[in-house]
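A.B. asks: These protein sequences, in sequence, are chains A and B.
Take the first sequence: its position 614, counted from the start at 1, is 633 in the working numbering, and no numbers get skipped.
Take the second sequence: its position 338, counted from the start at 1, is 357 in the working numbering, and no numbers get skipped.
Treat the hints loosely; a few may be bogus.
A pair counts as met if it fits within one copy or between any two copies, since identical chains are not told apart.
What the hints assert, rightly or not - Straight line, CA to CA, 30 Å or less: simulated DSBU-like cross-link-like pairs of lysine-lysine:
| no. | residue 1 | residue 2 |
| --- | --- | --- |
| 1 | K639 | K564 |
| 2 | K250 | K376 |
| 3 | K638 | K564 |
| 4 | K250 | K325 |
| 5 | K222 | K250 |
| 6 | K77 | K222 |
Hints in this document: simulated from the structure, not taken from any laboratory.
There are 2 protein chains.
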Amino acid sequence: MNIDRALLIPALKNIATRLRIDSVRATTASASGHPTSCMSMADLTAALFFAEMRFDPKDPKNPQSDRFVLSKGHAAPILYSAWAEAGAFDRAELMKLRQIGSDLEGHPTPRLNFVDVATGSLGQGICAAIGTALNARRIASDYRTYVLLGDGESAEGSVWEAANVAALDKLDNLCGITDVNALGQSRPTMWQHDMGQFERRWKAFGWHAIVIDGHDLTQILDAFAEARSTKGQPTMILARTLKGKGVSFVEGKDGWHGKPFKEGDELNRAIAELEKQFVTDTGPLVDLAAQIPKPASTPLTAVTPKPLAAPAYALGDQVATREAFGTALAKLADSDPRVVALDADVKNSTFSDRFEKVAPERFYQNFIAEQVMVGAAMGLAARGAIPFPSTFACFLTRAADFIRMAAISNVGVKLTGSHAGVSIGEDGPSQMALEDLAMYRAEPNYTVLYPCDAVSAERLLALMAYHPGPAYMRTSRPKTPVIYANDETFTIGGLKVLRESAADVATVIGAGITVFEALKAYEQLKAAETAIRVIDLYSLQPIDKAGLVAAGRATGGRLITVEDHYAAGGIGDAVAEAVADAGFTVHRLAVREIPRSGKPEELVERFGISANHIVDAVKKTK
Amino acid sequence: MNIDRALLIPALKNIATRLRIDSVRATTASASGHPTSCMSMADLTAALFFAEMRFDPKDPKNPQSDRFVLSKGHAAPILYSAWAEAGAFDRAELMKLRQIGSDLEGHPTPRLNFVDVATGSLGQGICAAIGTALNARRIASDYRTYVLLGDGESAEGSVWEAANVAALDKLDNLCGITDVNALGQSRPTMWQHDMGQFERRWKAFGWHAIVIDGHDLTQILDAFAEARSTKGQPTMILARTLKGKGVSFVEGKDGWHGKPFKEGDELNRAIAELEKQFVTDTGPLVDLAAQIPKPASTPLTAVTPKPLAAPAYALGDQVATREAFGTALAKLADSDPRVVALDADVKNSTFSDRFEKVAPERFYQNFIAEQVMVGAAMGLAARGAIPFPSTFACFLTRAADFIRMAAISNVGVKLTGSHAGVSIGEDGPSQMALEDLAMYRAEPNYTVLYPCDAVSAERLLALMAYHPGPAYMRTSRPKTPVIYANDETFTIGGLKVLRESAADVATVIGAGITVFEALKAYEQLKAAETAIRVIDLYSLQPIDKAGLVAAGRATGGRLITVEDHYAAGGIGDAVAEAVADAGFTVHRLAVREIPRSGKPEELVERFGISANHIVDAVKKTK
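Make a model of the complete structure from these sequences and hints.
C.D. replies: The following block contains the structure:
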């Protein structure tokens, strides 16, 4: 921005004052929210939006627009005020903050077109910012990503996962700002105003760190310029600020977190103090909003996905679904440049290393740090990539809160968890995911898929890639036979009836490895002249309610589910709710105690989900 | 230990060689496991167990025994070998590694009396170690805690949460050891053998850091001594090691993670190389196992809990269950010195600050770091404390993987999550827990409680404190009227029938705030001359199956659940499974889309869980 500092700084000061006033008024109007958390970052925000970032207030989603992630999401009012000041929407809207009819929610969500990912769970925004920064590299754009954190937030481990990854990836297009206002929710923060604590940490983690007075606009502008010219490493601007800055009776005072000013005298005194801070003695000020630099308009490479070849398996091939996932992911990598993969140092177990071989430049290694892996995927998805983060299914629980926020963000993260269930065997319970289906099914907008063979794994992966919204696919460690032809079709929300006859006495519903236990049970029962229907429920969410009800009707309402998962929240519960309106109940076979090490087949037997247990259950329900 | 180094070191060398041989043999016998990850830490382990720690191999649970946590749990075989070498059990047992009949599982679990918490999900052991170190302070014992991490593991954010907390708490009774073998599972680690990367980070986080050669016993012993004499801060020993140390064809080589030596030539060559490393030229060696220093036997203060006073509310008082939790927790603090509380800078919202006022020395502030909060609670619980970690229910999902490992550990962490559901209102979805019940219910050994009023909150908290195993209590933000008398009794696994008559047409089952929606619906329907049964399902797991079935029988099998939670994994699913055998299905009212900001009552209405929706559901099922 080519405006003389002597003109620029008074204009920014007045914007900062307006942002403070807006934040105070809006939170008082909604009788809730965090005005003092906004006030500490007002000068930083004014400088960032009106003297640093390149964006188009009328087109926030422009693919080459600089990004801003408000990691301390509770300061949402000032974010909204900044966009209103920039001209994105009418300032009067700000007074509808937190109302049910307004998209200006208590914490930012992508209902607003200028928000990439929902924030409000601390320590996540910086992970998402890594994703938007990686995306710039992917599309060869020079857009920059800015992320503003709170100092209290810096205690979250995910912040340090992000710090490592950003440094390793040399993300010099990423600039962090920490608003060190020294006061947390319930007490002073961990390091308060000891700026050296922050500086030592960020430098040790490989960042360029700049300590400034976060209320001195000259220092702020200089720091942004220094960040822009720093190459080969990300920059963290550590800004010493005062919470509640600008209103004497709250400034730097504990006990004001999340407290709006009371309507009447308290509000009036605050506003009066703030209004006095307008610079009026320098004549007419420049209209900075009108001069925001537009994003680059250099043409980007057009995306033209190549057709995806059909699976190439032979019936009866023994292939683990985790391996089929790797093969399918590599094919997707070759087909579509938007597809990226993220790993947490298990690529040789999940088989995501096959993607890396095809497209190493779109394979992001996070080392053993699942939170930043999923968080970065959120940022990538928000910017048009199709990200596939994967690790052992049990270790994705490490990122459960990110998975939750991805649901609120409704971004297309395509998660895959391998090594599900007791069927992994000897490694023992710490490596067995037995609660993952419950975790993803709980989120109403997640697609949840669970293939049993290589063909369905490959087909479902491709469906998942292009289905909008977040999704999860569960893969298994043991090899299983290919049972579907390469041209078999699958749908999200479908199921496959694998065995059926008019004489079926019960329907057994499995998924993944239990499909094969059900098929074994079918053979055992057939030998005893009992027929059962067998269903492969490869899509758990959405679920084929009609198909399940039809099977229930055809088999006397006798429905048995069997799953390599704990009893709550998995296949049994999914089927039970789907058939409840039809008046059917479900008999559930599931893992009902903490398992232990052993051979896969021993554990499947011991924990009640083997063919033998299915046969017993059929006999009992008959 | 007063043994001359000239005698000590050869004896330790031979122990290290035996530990390597055991690890190699046991993993080959089980045809799975991580021998090379054991071999890098063999010298460290030998020195720690046989020249540093004070413990009784026959009484590992001694309250004053030094603790060892193997944070890199995949190196379990060498842990087992060290205990066998110390005389805890017969060395022949080692060859049963990972068999279904052996407690020597693939990763350590507390089925073994020398394991405090299960490890195998990386980055958790160091958090638990903070708990065991805090416990030493609680019981005024001088026992020390040692925790061994992998270098790959150091990428986990939870490690840095732990680093902060240990430094802030000045835990000089805690000594970490990082086995920097430079090789991860799938590739070289983030920082490989750049020891400065580790040293800078740990020093920046306030630890005393010592870089050593992890195969030089003199340096190892000196480092332990230096750690012991370092006051006011924890120590991290950063040991440069070689993965697979001792066997030339794997030592320092990538591609050997998690690969046992093949039976036959490969194993034989490895063992032959290792056996050559026995020191035989120094004459008879000292028997170090016989000389392990015993733990202190200074008497500890006896624990004599005082009786807990009954709740002191008046019927109709308006009290949020989160506030009642705080009051109850403060009473527990006063009553029982084993009770401790852990916070993540939300004590003024969860009301755990009431505990802090009563027992500040047993109140552990973790700042905004939920993983270390829950991890430390695991360590505390394993050593006899009764820990109550609490924060917003949604932010406990940040520690989902710890909650999972606490289930495997079966330790008595007593979690409480506040601000559940859409009824929190304006703050919006990022602050609303709507999947927490699914998360805890999935774990088969968690107790899950959900009080609706202050009396039940206080009673359930006391029950939870003394019920064995992990537990979760869900509290709400809005004030609700006290409906139970102070002398009302509650049981884990119970429910309360609040309204019933012979004319009831349906049973409505709620918990927490929906109990009051059900009571409102009762009144509305009563005005229309329709009677319903109303149940407060305050115990979700275990669940009162008989009580629910009886209600179903009495009301024509018409069961309606209503919950401030997503549809999957919560109250509806819990009730549906409980009544399935009786042939009843359940009509579920739950939140079925991502919610938004608004007033609590607006959201309860909009997302389908209000009295109006219950009335409609009753009318439809009639």
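A.B. asks: Now tell me if each hint is right for this structure.
C.D. replies: Right, here's what the structure says about each hint:
In this assembly of identical chains, K639 and K564 lie within 30 Å of each other by CA distance both inside one copy and across copies; the values are 25 Å within and 20 Å between. Only within a single protomer do K250 and K376 lie at most 30 Å apart by alpha-carbon distance; the minimum there is 28 Å, versus 50 Å between protomers. Taking the shortest alpha-carbon separations for K638 and K564, both the intra-copy value of 25 Å and the inter-copy value of 24 Å come in at or below 30 Å. When the C-alpha separation of K250 and K325 is checked against a cutoff of 30 Å, the pair qualifies neither within a copy, at 35 Å, nor between copies, at 63 Å.
In the homo-oligomer, the alpha carbons of K222 and K250 lie at most 30 Å apart both inside one protomer (15 Å) and across protomers (26 Å), since each shortest distance falls under that limit. In the homo-oligomer, the alpha carbons of K77 and K222 never lie at most 30 Å apart, since the shortest distance is 37 Å inside one protomer and 47 Å across protomers.
In summary, the numbered hints that this structure violates are 4, 6.
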